[in-house]
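Given these sequences and hints, build the entire structure.
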Amino acid sequence: MTDIREVSVEELRHLVSERALTGETMLLNMGPQHPSTHGVLRLLIELDGEIVVNIIPDIGFLHTGIEKTIETKTYEKSEVMTDRQDYLNPLGNNLVYCLAVEKLAELDVPERAQAIRVILAELTRLNSHLLWLGTSGLDLAAMSVFLYTMREREFIQDIFELVSGQRMMTTYFRPGGLWRDVPEGFEKAVRNFLAIMPRRIKEYDDILRFNEIFVDRTKGIGVISAEDCLAYGLSGPVIRACGIPHDLRKKQPYSGYEQYDFDVAVEEGGDVYARYRVRLKEMTQSLRIIEQALNRLPKGPVRSNNRKYVPPPRAEIGVSMEALIHHFKLWTEGFKPPVGHVYATTESPRGELGCYMESDGSSKPYRVHMVTPSFVNLQALPLMGRGLYIADLVAIIGSIDIVLGDADR
Amino acid sequence: MGLEQKTGNMGIVTTKLEQVVNWSRTGSMWPILFGLACCAIEMMSAQAANNDMSRFGMELNRASPRQSDLMFVAGRVSRKMAPVVRRLYDQMPAPKWVIAIGDCASCGGVFNNYAILQGVDEIIPVDIYIGGCPPRPEAIIHGVLTLHDKVRQEKLKDWA
Amino acid sequence: MNEYLKQVITAMESRFNTSLEQFREESSLIVKPAFIVPLLTALRDEFQFDMLMDVTAVDYFPQETPRFHAIYQLYSMQHNLRIQVRALLDGNAPSIDTVESIYPSANWKEREVYDLFGILFVGHSDLRRIQMPEDWVGHPLRKDYPLGYEEVQFTFNFEDIMRNKPQAKD
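Those sequence lines, one after another, are chains A, B and C.
Quick note on numbering: the first sequence equals residues 724 to 1132 in the numbering used here.
Quick note on numbering: the second sequence equals residues 39 to 198 in the numbering used here.
Quick note on numbering: the third sequence equals residues 567 to 736 in the numbering used here.
Be a bit skeptical, because a hint or two may be false.
[As the list claims (entries may be wrong)] Below, simulated DSSO-like cross-link-like pairs (lysine-lysine); rule was C-alpha separation at most 30 Å, straight line: (1) B:Lys188 to B:Lys134; (2) A:Lys974 to A:Lys1022; (3) A:Lys1059 to A:Lys1031; (4) A:Lys1004 to A:Lys911; (5) C:Lys735 to B:Lys134; (6) A:Lys1087 to A:Lys796; (7) A:Lys800 to C:Lys731; (8) C:Lys731 to A:Lys796; (9) A:Lys1022 to A:Lys800; (10) A:Lys796 to C:Lys709; (11) B:Lys193 to B:Lys54; (12) A:Lys1059 to C:Lys709; (13) A:Lys1052 to A:Lys800; (14) A:Lys800 to C:Lys709; (15) C:Lys735 to B:Lys195; (16) C:Lys572 to A:Lys973; (17) B:Lys134 to B:Lys193; (18) C:Lys735 to B:Lys188; (19) C:Lys735 to B:Lys193; (20) C:Lys709 to A:Lys1087; (21) A:Lys974 to C:Lys572; (22) B:Lys188 to C:Lys731; (23) A:Lys1059 to A:Lys1087; (24) A:Lys974 to A:Lys925; (25) B:Lys134 to C:Lys731; (26) A:Lys1031 to C:Lys709; (27) C:Lys709 to A:Lys1052.
[Unchecked claim] Here's a subset of chain C near chain B, in silico, CB distances under 7 Å, partners left out: (28) Pro706; (29) Leu713; (30) Gly714.
Quick caveat, the hints were computed from the structure, so don't treat them as lab data.
Every value quoted in this text rests on a predicted model; they were computed, and no experiment measured them.
Even glycine gets a Cβ: it sits at the ideal position worked out from N, Cα and C.
This is the structure in structure tokens:
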């Protein structure tokens, strides 16, 4: 165990202003254990009185070594790791991992599996946005929203539990389709949720939009310009709040998103309030997508028929020698995609989530790198926070919706 | 018709000091507001309306370790985070207890590699381990109740 | 392949002597490390690849030349296109020029690559470790760095492991 390393101002000389060296401004440490850093983020803040001069984020307190561990496991086993990196978007992480493997191996995914993937991915987006709404409301002292959103999250987690047996870390999407078909009560549970949700979203909006304290603390705070968004490679609700309609579900559709009719939520202003509006609009659009996908849910298989990559169904193993061999080979060695490298992207609740995957022809991935939106978006925090009060910083950290597991991996 | 009832009618209850102290300690255990990873989300679910951990005297999460007597280690502890966790533990006033939520905090879980501590018990003593990845809110509440049982059994000679 | 992308690739081939690698409809330009800054500047200013989504690296360990590939993922908002640039780096302590001045988003990404792979970015404004503690030795994502696997405790080896495992004191 290493000790806590005390950093001197001398070492951070290139990051702080001249005034910090003379002691005119103060360096303040915030985190890693702080109620409003949404995890284990540490910020070194240079303060002039209560005005923020500069912010030096320090991440890595949740560095899990996921990329290294994936290299030592087979493709099927590594998928378990991906759930746990962005723990508010577990199914989205599964999705991007599966898309990368499918691109690498040129696997086909049946229609039904794609539709169910869309439904569950959108439910995950709602789940993430609900938690974001609750916790960032909590940061601004709006306690009641937290209790309401956590109540609705239970509906979604019950649906996840129904389909996979786990509330959060489902690993339900597998390369080539799904783990298994959804159970009987799935459609009813989702329809029930769809019936409840629009009214509840309006309820949250009413609580916050007419709350003068909330509006005062979010409007005009943490503004970032569209040019900076592009230069810093930001994505997701942060860039859409600057008036750029960039949504990978529309621009580079995956998993059949091109079939659904939905609008990209865009707001002007680029402040905390605009990001809040974007996410709230997105929740409504997600409900629209889920409803469409549920209405046209096709019948059929949920796993690819490619036996070199996808294990055969249990019933086939008893009667077919071929199936038995495939089953044995897949579970002892794993499948072996061709040599090459691919880059798959999805739109996660936080922005562009990419997966760079390189194969050397063996049954283990040679290198997997997750391009995570929290890492990229967090980098722009100093830009948004400079010149504001330290209390506004809390609102800004909440508004960019970081998940430290996603940033540190 | 013993002495107890007679004194009871007069408003006097006879009991052991040990029991009173242990009872009062279980009644309002204040956890430190400290989440690390995935399990922190389930910990929040356990504290939110549906599961409502405040039924067991846990409604108040203190952001400062100086005011709390229970630490939930909710999630994986990395090598970089380990000294911070130890320092937080050191700052908590005695008596203090630790619950390791989830597989990662208990034993490293699926992450057996260079970056993650193989169980938080390498750096701080743990009272209760809760299994699951992540454990359900009910499991977390069960862990808390198990800790209450443990506290009720503490002996006066150990802490006085 | 997209017409515009074809045009970009031919221009890059003639100007920076890049070679093209294609796999699953993705194009990667392979370039000498000396050309990385002018190449990315040209891609940003002349061909509207205005976003750098990622910088990462791959280690091909026993192989020495080139041991590392530095990988840049670019995206063009206007044309909705992606392109990958790979720079080949030789030796055990490689270095490459930073692209921070072209794309500010490279700052943290390059710090991460430096931390986990030990690739030096010459001219970087703040080249400190980002994920690992500052006093950490080694670069974990290199192929010659061990995973750090600890043996799992079972009944037969319970005592052995218990003896070596660090135990917390009160």
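For the pair supplied as a hint, Lys974 (chain A) and Lys925 (chain A), is the alpha-carbon distance within the 30 Å limit? 29 Å, holds
Should the hint that Gly714 (chain C) touches chain B count as held when the rule is a Cβ pair under 7 Å? 3 Å, holds
Are the Cα positions of Lys709 (chain C) and Lys1087 (chain A) separated by 30 Å at most? 14 Å, holds
Would you mind confirming whether the straight-line C-alpha gap from Lys1059 (chain A) to Lys1087 (chain A) stays at or under 30 Å? Holds, because 8 Å separates the two Cα atoms, which is no more than 30 Å.
Would the pair Lys1087 (chain A) and Lys796 (chain A) pass a check requiring their Cα atoms to be no farther apart than 30 Å? The given pair, whose Cα atoms are some 6 Å apart, holds under the 30 Å limit.
Hint consistency between Lys735 (chain C) and Lys134 (chain B) [alpha-carbon to alpha-carbon, up to 30 Å]: 13 Å, holds
Next pair to validate is Lys796 (chain A) with Lys709 (chain C); report whether the Cα-Cα distance is within 30 Å. 14 Å, holds
Holds or violated: Lys731 (chain C) with Lys796 (chain A), Cα cutoff 30 Å? 25 Å, holds
Given Pro706 (chain C) was flagged as interface, is its beta-carbon under 7 Å from a beta-carbon of chain B? Where the cut-off is 7 Å and the nearest Cβ of chain B is about 6 Å from Pro706 (chain C), the hint holds.
Hint check: Lys572 (chain C) vs Lys973 (chain A), CA-CA at most 30 Å. Holds or violated? Measuring from Cα to Cα gives roughly 24 Å; hence the hint holds.
Are the Cα positions of Lys134 (chain B) and Lys193 (chain B) separated by 30 Å at most? 15 Å, holds
Holds or violated: Lys735 (chain C) and Lys193 (chain B), Cα atoms, limit 30 Å. 20 Å, holds
The structure fails none of the hints (numbered hints given earlier).
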